[in-house]
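> Add chain B to chain A, keeping to what the hints say.
For the protein sequence lines, the chains are A and B, in the order given. Counted from 1, the first sequence has number 346 at position 100 by my numbering; the numbering is strictly sequential. Counted from 1, the second sequence has number 213 at position 189 by my numbering; the numbering is strictly sequential.
Worth flagging that the hints you see were computed from the coordinates, not collected in a lab. Please note that the accuracy of each hint is not assured.
Stated by the list, open to error - Covered, in the sense of this in silico footprint (three residues per stretch, anywhere, with C-beta under 8 angstroms from a C-beta of chain B), are these stretches of chain A:
hint: 1; stretch: 266-274
hint: 2; stretch: 283-297
hint: 3; stretch: 307-316
All residues carry an ideal CB built from backbone N, CA and C; glycine is no exception.
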Amino acid sequence: MSFWVVAAALVASSLAVVLTPNLFHAVLYLAAALVATGVVFLLLDSPFLFGVQLLLYAGGVVTIVVFAIMLTERLVGERIAQTSRYVVHGAVVAAAVFVGVAGFLIQVPLGGPRPPLPGDLTPVIGRALVGPWAATLELLAVLLVVALLGALYFARTED
Amino acid sequence: MPPLAWHALMAFIVLNAILGLVAYVTLLERKFAARMQSRIGPYYVGRPHGWLQPIADALKLMLKEDVVPTAADRGVYNLAPIVFLVPCILIYATIPFAPDLGVADLNIGVLFFLAVSSLEIVGLFMGGWGSNNKYALLSAMRAVNQIISYDLPFIFAALVPVLLAGSLQMSTIVAAQQGLWFVAYPVFGQLAFVAFVVATLAAENRVPFDILEAESELVAGFRVEYSGMKFALIQLGEYAHMLGTSFLGALLFLGGWLGPGPAWLGPLWFLLKAVLVFLLVTWVRWSFVRIRVDQILAISWKVLLPASILLLFATGLWVATRGAGA
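This is chain A alone, in the form it adopts within the complex:
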């Protein structure tokens, strides 16, 4: 029951992000959507992911997006019609992704009883991140460094 309420809020705020004509409002809806995603994690008995979601996405990413909007001052307060020339293409891709995901989902029997959790999940996540997934984690770090260097390259002054 509570899942459906959260899901409805999540879908509504996500739609609002792409449909609102006001850039700043879009960010606020994005924050709401990210918090709702966090609540979904909470409903899945994963409070650690809930905390990380709030901290990194709703707190961090939204702040950085707002920062970007405020620095590009010509955008502040301006109405931007969010129409795209690629609506049809987008719809095709979205439909394909939906079919793909749904195809995976119907292969798994849903609604079965949930297996009991092996106690506190947080240490398990921590061990997995530095154990079997350590290489993946490091690769992500490399990716972020590359993104950072790219940002520096674009932001450098031309002399």
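Structure of chain B alone, referenced to chain A:
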């Protein structure tokens, strides 16, 4: 009593206790600041020493006219004080005031606190942007700037006690300080505490880091257009956040409810320590001058952030060699 009802009852009690406490913390700050400046401070409303002043202030703010600027983005403007207040109150949810006395002692308590308190910024820039006022917008920009810079050192400083205790659960962290408060833990404890206090000052936008409300240039910053009850909500959120962070500091570094005397004195010890942290921050606030934006950012990115990462790394090494949770 079913657990849900118990949690609801605790939440109700904690919420009201916090609201009362926050009101009197403002009086405490005013008295403390007045003493530092050889003044008396609030005195006439409720003699002696103005003990009715917070109630009078609250009544005044409730009765004041509510002004919405014509050019404001109404929805965002009206919602901002609430979005600002909710995280500031929610952070109290995981703080245990004594063993088994708190709303919810989550096993990710510290993470929950840090995560929820980082949401405060959303309400802040909603207010700054929704007011459609140049001072408010400038203030919100500065706030975003500053909070990006100081969230990380704040988190890293708070993680040092977490590493030392080997748990994110607040009650476990207090239990780990049974023999030695973490503020007295050699080297790591003191450095982390200093970093925590500096980052707290910045996160709470207090002098010397209060460029976002800078009275002389930005009037009152992002809340310049707010009046009446909305202004009261923002002030309440700000002080609730400050007091909550003081509670966190007392819990992470000063041993929470540990102290001499019988167990029922625990919450009082905890409150006393939290007020001490609050007064420490207030003391700094009323002693220093405001520093410039570039100085604030330089302190964070060039000194505090690298230092706190190094400290966290060193603590991790130390805990790994010593064996965690010992």
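> Each of the hints needs a verdict: does it hold here or not?
These are the hints, each one checked on the structure:
{"no.": "1", "hint": "266-274", "in the structure": "holds (count 3)"}
{"no.": "2", "hint": "283-297", "in the structure": "holds (count 4)"}
{"no.": "3", "hint": "307-316", "in the structure": "holds (count 6)"}
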